[in-house]
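These protein sequence lines map, in sequence, to chains A and B.
Just so you know, we're using the numbering used here here: the first sequence kicks off at 1 and counts up by one.
Just so you know, we're using the numbering used here here: the second sequence kicks off at 1 and counts up by one.
Hints are computed from structural coordinates only; laboratory data are not their basis.
Certain hints may be false.
[As the list claims (entries may be wrong)] One-sided and incomplete, this derived list gives chain A residues near chain B with beta-carbon spacing under 8 Å:
id, residue
1, Ala29
2, Asn32
3, Asp39
4, Gly43
5, Leu47
6, Phe103
7, Gly106
Idealized CB from N, CA, C, for every residue including glycine.
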Amino acid sequence: KQEVTQIPAALSVPEGENLVLNCSFTDSAIYNLQWFRQDPGKGLTSLLLIQSSQREQTSGRLNASLDKSSGRSTLYIAASQPGDSATYLCAVEYGGSQGNLIFGKGTKLSVKP
Amino acid sequence: DVKVTQSSRYLVKRTGEKVFLECVQDMDHENMFWYRQDPGLGLRLIYFSYDVKMKEKGDIPEGYSVSREKKERFSLILESASTNQTSMYLCASSFYSLAVNEQFFGPGTRLTVL
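With these hints in hand, go ahead and build the complete structure from the sequences.
See the structure below:
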């Protein structure tokens, strides 16, 4: 069964710190990997999408990397801010899935001022 | 910007009622999805559709049905609501592409069944 795991489940850091969120998946034959942000009681906001042929994607202070062979992705957040506090979800799409995503359960990030 | 809207942010219904959750996207996406999100269980796919009048079961379709009469609109129907269907419901859409299927989500509907 294909599974996506995110560790840690929760993380608290002081403002200004650089941090890394981890995502691992059991089957390396992925199509795409997508990182989302979710604020409490809200929907998901797409942050970055990495295609299987890519190694990383960057958007502002965010950098996502993909290592298919080891079944891992990381989301790097530089110079964290209190506004970055949210739950971050990783999701994987496999070939033949018609665009369906398998989600991890997320890492809840708290950035303290 | 892609916009996915859901008909209600909060909804309270009684056990046994028929409930309709509506989702509309404005980006001409082929794919549309309904998920529910529960603490400790994460997001689980209920149904998805890759074309008008087409539907496919996801991981937890029991107790739900869907309707897609127009490309931009995907409805989730709870035929007879039960308390275990109290949850956050999220709709999403994406292009149907072999290469990139970035999903865009609506704001969610918090459904409470009493």
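Hint-by-hint comparison with the structure:
1. Ala29: violated, 15 Å
2. Asn32: holds, 6 Å
3. Asp39: Violated, about 10 Å.
4. Gly43: holds, 4 Å
5. Leu47: violated, 10 Å
6. Phe103: holds, 4 Å
7. Gly106: Result: holds, 7 Å to nearest chain B Cβ.
The structure fails hints 1, 3 and 5 (numbered hints given earlier, in ascending order).
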